[in-house]
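One line per chain: the protein sequences are U and B, in this order. Counting in the working numbering, the first sequence tops out at residue 776, every number present. Counting in the working numbering, the second sequence tops out at residue 295, every number present.
No wet-lab data here; the hints were simulated from the structure. Remember, it's a predicted structure, so these values are computed and weren't measured experimentally. Worth double-checking, as some hints may not be accurate.
What the hints assert, rightly or not - The list that follows gives simulated cross-link-like pairs (lysine-lysine, PhoX-like), each with its CA atoms no further than 20 Å apart: (1) B/265 with U/513; (2) B/249 with U/513; (3) B/267 with U/513; (4) U/481 with U/658; (5) B/196 with U/507; (6) U/526 with B/196; (7) U/454 with U/436; (8) B/234 with U/524; (9) U/532 with B/234; (10) U/620 with U/507; (11) B/168 with U/658; (12) B/267 with U/658; (13) B/196 with U/436; (14) B/251 with U/397; (15) B/187 with U/507; (16) U/513 with B/196; (17) B/249 with U/397.
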Amino acid sequence: MKPVYISSNNILSPLGFNTAENISQISREKSAIKLQNIIGKIPSYAALIDNDYLNQVFKAQANCDICDFTKLEKMMLLSLIDTISKSSFSITDRTLLIISTTKGNIDILNSKINHKLKNRIYLSELGKKIKNFFGFKNEPIILSNACVSGVLAIVVAKRLIQNEFYDNAFIVGGDLISEFTLSGFQSLQAISDRPCKPFSKYRNGITLGEAAASLAITSTNNSEKTIQIIGDGSSNDANHISGPSRNGEGLYRSIQSALEESKTSPERLDYISAHGTGTLYNDEMEAIAFNRVKLEDVPINGLKGYFGHTLGASGIIETIVGLHSMNNNILYTSLGTDELGVSVPLNVIRKTQKRNIKTILKTASGFGGCNTAIIFKKIKF
Amino acid sequence: MDPKLSFLEFSKKAYKEQNFDYPKFFKMDNLSKLAFLASDVLCNNDIIKAEDKEHMAIVLSNRSSSLDTDRKHQSTIIDTKSYYPSPALFVYTLPNITIGEISIRQKIKGENAFFVLDKFNAEILTQYAASLIKNKKSNFVLCGWVDYDKRKYNGFMYIVARNGIYKHSKEFINKIFNSN
Numbered sequence: 396m397k398p399v400y401i402s403s404n405n406i407l408s409p410l411g412f413n414t415a416e417n418i419s420q421i422s423r424e425k426s427a428i429k430l431q432n433i434i435g436k437i438p439s440y441a442a443l444i445d446n447d448y449l450n451q452v453f454k455a456q457a458n459c460d461i462c463d464f465t466k467l468e469k470m471m472l473l474s475l476i477d478t479i480s481k482s483s484f485s486i487t488d489r490t491l492l493i494i495s496t497t498k499g500n501i502d503i504l505n506s507k508i509n510h511k512l513k514n515r516i517y518l519s520e521l522g523k524k525i526k527n528f529f530g531f532k533n534e535p536i537i538l539s540n541a542c543v544s545g546v547l548a549i550v551v552a553k554r555l556i557q558n559e560f561y562d563n564a565f566i567v568g569g570d571l572i573s574e575f576t577l578s579g580f581q582s583l584q585a586i587s588d589r590p591c592k593p594f595s596k597y598r599n600g601i602t603l604g605e606a607a608a609s610l611a612i613t614s615t616n617n618s619e620k621t622i623q624i625i626g627d628g629s630s631n632d633a634n635h636i637s638g639p640s641r642n643g644e645g646l647y648r649s650i651q652s653a654l655e656e657s658k659t660s661p662e663r664l665d666y667i668s669a670h671g672t673g674t675l676y677n678d679e680m681e682a683i684a685f686n687r688v689k690l691e692d693v694p695i696n697g698l699k700g701y702f703g704h705t706l707g708a709s710g711i712i713e714t715i716v717g718l719h720s721m722n723n724n725i726l727y728t729s730l731g732t733d734e735l736g737v738s739v740p741l742n743v744i745r746k747t748q749k750r751n752i753k754t755i756l757k758t759a760s761g762f763g764g765c766n767t768a769i770i771f772k773k774i775k776f
Numbered sequence: 116m117d118p119k120l121s122f123l124e125f126s127k128k129a130y131k132e133q134n135f136d137y138p139k140f141f142k143m144d145n146l147s148k149l150a151f152l153a154s155d156v157l158c159n160n161d162i163i164k165a166e167d168k169e170h171m172a173i174v175l176s177n178r179s180s181s182l183d184t185d186r187k188h189q190s191t192i193i194d195t196k197s198y199y200p201s202p203a204l205f206v207y208t209l210p211n212i213t214i215g216e217i218s219i220r221q222k223i224k225g226e227n228a229f230f231v232l233d234k235f236n237a238e239i240l241t242q243y244a245a246s247l248i249k250n251k252k253s254n255f256v257l258c259g260w261v262d263y264d265k266r267k268y269n270g271f272m273y274i275v276a277r278n279g280i281y282k283h284s285k286e287f288i289n290k291i292f293n294s295n
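Pulled out of the complex, with its shape left as it was, chain U reads as follows (with noise of 0.2 Å):
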């Protein structure tokens, strides 16, 4: 089967719009996430995008005639715009689009939205925005697979290369903070009242963020050094729909798929880039997964203390952090971790620091018991 490596990538977050500036931020442990106004008069902890400075950036870098996107539009568009100017291959036939989002443009259900908007309700009808934008030729695949969006996004790109139906592609992820967000998760009772600490014994829910990322890949690698996509796997805990699994079942059984396929024992991964929500069950689930694999000694972290939870950008972001991990030789500290917190050790990353990183492990779980997990890996030729 085809190799597929990384090409490109773009994070776009309230720590900044490119992904050094988002990497340099996070380096001096800066969290986009502040106290905010979003429904009523109660404040809660969030990660916004600024509107204005969106706009303005967007009529500088978009240079659109009929300029009628929507915010979580604009975001997507232009990291984009900077993913696919970076990127080692242009767009043919044989590209592929793929859009990874749990909500889409949700803040239009608001009826005091622009009702000229309405449809693009329906994600294909931002997937057609994208797509016509750049001028994609294939209709492009919206995954909308809960938290684990994203990660599984780059799964299925590298599948549908590695078998060739497609040469390489672009993968778009994003989502709002929108009232209709945030009030299910207050109801779910899941929100916390500070910026969200994972793993740490004092946590009590999650810090919800807004965010684009994207990433280019492709089966051909022009250059002498670079990340390979070695493994990956998913897996559902068929067990609640809305909790985490007691065993960690899912996840166990997607990270030992990615093991499997990418022929690495566990004692060969150098970083584990967790999900780390902060919530009380679904990072004890995760440390009890880990630790069935025996992962316990290698160093892990949660970034959500940077960006928030970012739904369908989060697992992209944390790739690409795990990727300039793996570039620089650089781990960053799990902001929000103090006190450890979950009943199985876990080596929580304290302070930043050099190591020689050559392959980690990045995984994502979320509602409907869906975990995905995919190993990387730095190659030289």
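We have chain U; now place chain B onto it with these hints.
The following block gives chain B in isolation, referenced to the frame of chain U:
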């Protein structure tokens, strides 16, 4: 069944005719009920061994995502005076919850993916199902289209296997989808 039946009538009738004893069914939203009914007919057979079933992949698709339930959740937060979002409703505002419900019912722990597409797209489904089998992730893939929007509903499912009678192709899948 009579195509003029409302979804409520249809789902009740189907549940009764299949002699289900699964009270969780009545807690599900319309989309999950539809996915549940379509999958149950296919998954309860003697051809697929229990071990293979546990590793079966589920790849579903639709146009309207979870919009029917999204609208219901939105209606609970539209008015500040009667602001009452419900967790039992909110958890169904993701299309892949359908896969979760099928997995729980059938004890399936395999690969998952939910694709939202402009219309039924046999090409994408066949490409991904073939990839799952070639990559040795599953021997069986439950594929389908489950859409519920503005009281219109459409459910279509089939199982792709490593070995079988009919050749797995875009043309064949389109043929059976269009003959429904």
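Hints versus structure:
This hinted pair checks out: residue 265 of chain B and residue 513 of chain U have alpha carbons roughly 14 Å apart, not beyond 20 Å. A distance of roughly 41 Å separates the Cα atoms of residue 249 of chain B and residue 513 of chain U; the hinted pair therefore is violated under the 20 Å criterion. A threshold of 20 Å between alpha carbons decides the hint, and for residue 267 of chain B with residue 513 of chain U the separation of about 19 Å falls inside it, so the pair holds. Restraint check for residue 481 of chain U and residue 658 of chain U: the C-alpha separation of about 31 Å exceeds 20 Å, so the hint is violated.
Taking the CA atoms of residue 196 of chain B and residue 507 of chain U, the gap is near 16 Å; set against the 20 Å cutoff, the hint holds. Using a Cα cut-off of 20 Å, the hinted pair residue 526 of chain U and residue 196 of chain B is violated, with the two alpha carbons roughly 41 Å apart. Between residue 454 of chain U and residue 436 of chain U the alpha-carbon distance is near 32 Å, which puts this suggested pair outside the 20 Å criterion. For the suggested pair residue 234 of chain B and residue 524 of chain U, the alpha carbons sit about 16 Å apart, so the restraint of at most 20 Å is met.
Among the hinted pairs, residue 532 of chain U with residue 234 of chain B is consistent with the structure: their alpha-carbon atoms are about 16 Å apart, no more than 20 Å. With a CA separation close to 51 Å, the supplied pair residue 620 of chain U and residue 507 of chain U exceeds the 20 Å bound. Taking the CA atoms of residue 168 of chain B and residue 658 of chain U, the gap is about 25 Å. The hint is violated against a cut of 20 Å. Straight-line distance between C-alpha atoms of residue 267 of chain B and residue 658 of chain U comes to about 47 Å, which puts the hinted pair past the 20 Å bound.
Between residue 196 of chain B and residue 436 of chain U the CA atoms are separated by roughly 14 Å; this keeps the pair inside 20 Å, and the hint holds. At most 20 Å may separate the alpha-carbon atoms for a hinted pair to count; residue 251 of chain B and residue 397 of chain U meet this at roughly 15 Å. In summary, the hint linking residue 187 of chain B to residue 507 of chain U is supported, as the alpha carbons are separated by about 16 Å, within the 20 Å threshold. The suggested pairing of residue 513 of chain U with residue 196 of chain B is violated, with an alpha-carbon distance near 25 Å, which exceeds 20 Å.
Proposed proximity of residue 249 of chain B and residue 397 of chain U is supported: the alpha carbons are some 12 Å apart, at most 20 Å.
Checked against the numbered hints listed earlier, the structure breaks hints 2, 4, 6, 7, 10, 11, 12, 16; every other hint is satisfied.
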